[in-house]
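Peer 1: Here the protein sequences line up with chains L and H, keeping their order. Counting in the working numbering, the first sequence runs from 141 upward without gaps. Counting in the working numbering, the second sequence runs from -2 upward without gaps.
No lab work stands behind these hints: they were computed from the structure. Note that the structure is a prediction, hence the values are computed from the model and not measured. Fair warning: there could be bad hints in the mix.
[Unchecked claim] Below are the SDA-like pairs computed for lysine to any residue, each with C-alpha atoms no more than 20 Å apart in a straight line:
hint	chain 1	residue 1	chain 2	residue 2
1	H	Lys59	H	Thr121
2	H	Lys44	L	Lys145
3	L	Lys145	L	Ala169
4	H	Lys144	L	Asn190
[Claimed, not checked] Listed below are several chain H residues computed to face chain L (Cβ distance under 7 Å; list not exhaustive):
hint	residue
5	Trp57
6	Leu120
7	Lys160
Cβ atoms here follow ideal geometry from the backbone N, Cα and C, with glycine treated the same way.
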Amino acid sequence: MTTSKMTCEAFDAALSDYLEGTLDDSARASVERHLSECLRCSALVRDLENIRKNASMLPDLVPSRDLWQGIEARIAAPVIPLAARPERQRRFAPAWMGIAAAALVVSTAGITYTLTSRSVRAGQTGPSAQIVSPDSQAQSGTTTDSGAAPSTTESVNVGGVSAPRSASNSRVPHSDTRIRRASPAASLASQAIADREQSEAVYGKEIDMLQKIVRQRKTQLDSATIAIIEKNLQIIDAAIEQSRAALARDPASQLLGQQLTHALDKKVELLRTAVMLPAST
Amino acid sequence: MVRVEMADTTDVALAAGGDRQAFERLYRTHANRVFSLCARMSGSRAKGEELTQDVFVRTWEKLPQFRGESAFSTWLHRLAVNVVLNARKSEGKQASRTDQSDVDDERWDEVARAPLYIERMDLTEAISKLPAGARKVFVLHDVEGYKHEEIGEMLGITSGGSKAQLHRARLLLREALER
């Protein structure tokens, strides 16, 4: 269809600019003359403006389910202060995570060997000096007036279960606040085991929760990313097992306990990173 | 709106400090709008729900960086657009191929027709079926009210390209809604 001034093809070419309001005066006048004479083109403009108007008034859509639970599960992990660090964790690239995990295995193995050897030698030379654990000192009645926990102690809340935890990750809550002046070696060992078991239980709950979320999100994540995460988890698990094996030989060793805690921390950190990863499409 | 923004300011500050209840309030206030953007831009409600969760997780991470230079809703909205666009980058070539292949030749009736009557549900459905490039521009411009310059910056295209995609989207919608 044509008009005396403008063809429909010419109108089509100018339509986008006409709707945008970017035509100069004379071109705009030509388009409007054409519109006044051409039913096809005037209908087109009317429909397109109708679409634009309706689009601008579209109401919000509503999700089919409450998405908050999924969001909360993904943001919950970093808020739990398992270690005395800023809540917002730094991010590690997978490659650095691998290097860190490998270094952890090496250092754990080395320390395990050294300490186990020392422990055996110490055991051969007779009873050692009496030991007062830092945790016992923390419980020696030196709590602040406000009743707040000592600075070395922080609260861990995992899945609604609260447990106090010392910076050395080996404190057990109990009502005995007296200074433990001396303890037999066997008593210390059993105490250390009990401490560690409780600490591991706290980590265990956290790790279970995070692993569950990671499993649920597996289909949303890139397969290469999943592979890297699983490989690094294997390395960290190996470090955890080595630490546990060493602790089985020297249960009272605080350093070995810290190594185990460090490895568990790494596992939690890696799982948290996986939980927070955006979905791939 | 002013009341919402004032409530946002308090909750944003609390949430930036790690208060999850405050963050949940922010989520409840803005979830539908973010979901609408995500669903319309992705062309899928299911994908929109997934992206909405990504947006709020990302928001939680980024909140400490929010300086309050714009309204929280504006900042959140822009962040949501970025999350959707970044998610779509991985579709890359496939999406661009779809864009090219989906364009039908324009066909015109040569007779006057009754005005197009648009049902909202029909329009929503038709938007979801647009080619990805046209859909993104249409949603950002005609639904969300961004300018071509802003869209060009977000999508890495020229404002002229944005105008062309918008025009194409409107024509395709008209065709779809006529059926």
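Peer 1: For this structure, which hints from the list above don't hold up?
Peer 2: Hint check: 1, 2 fail, others pass.
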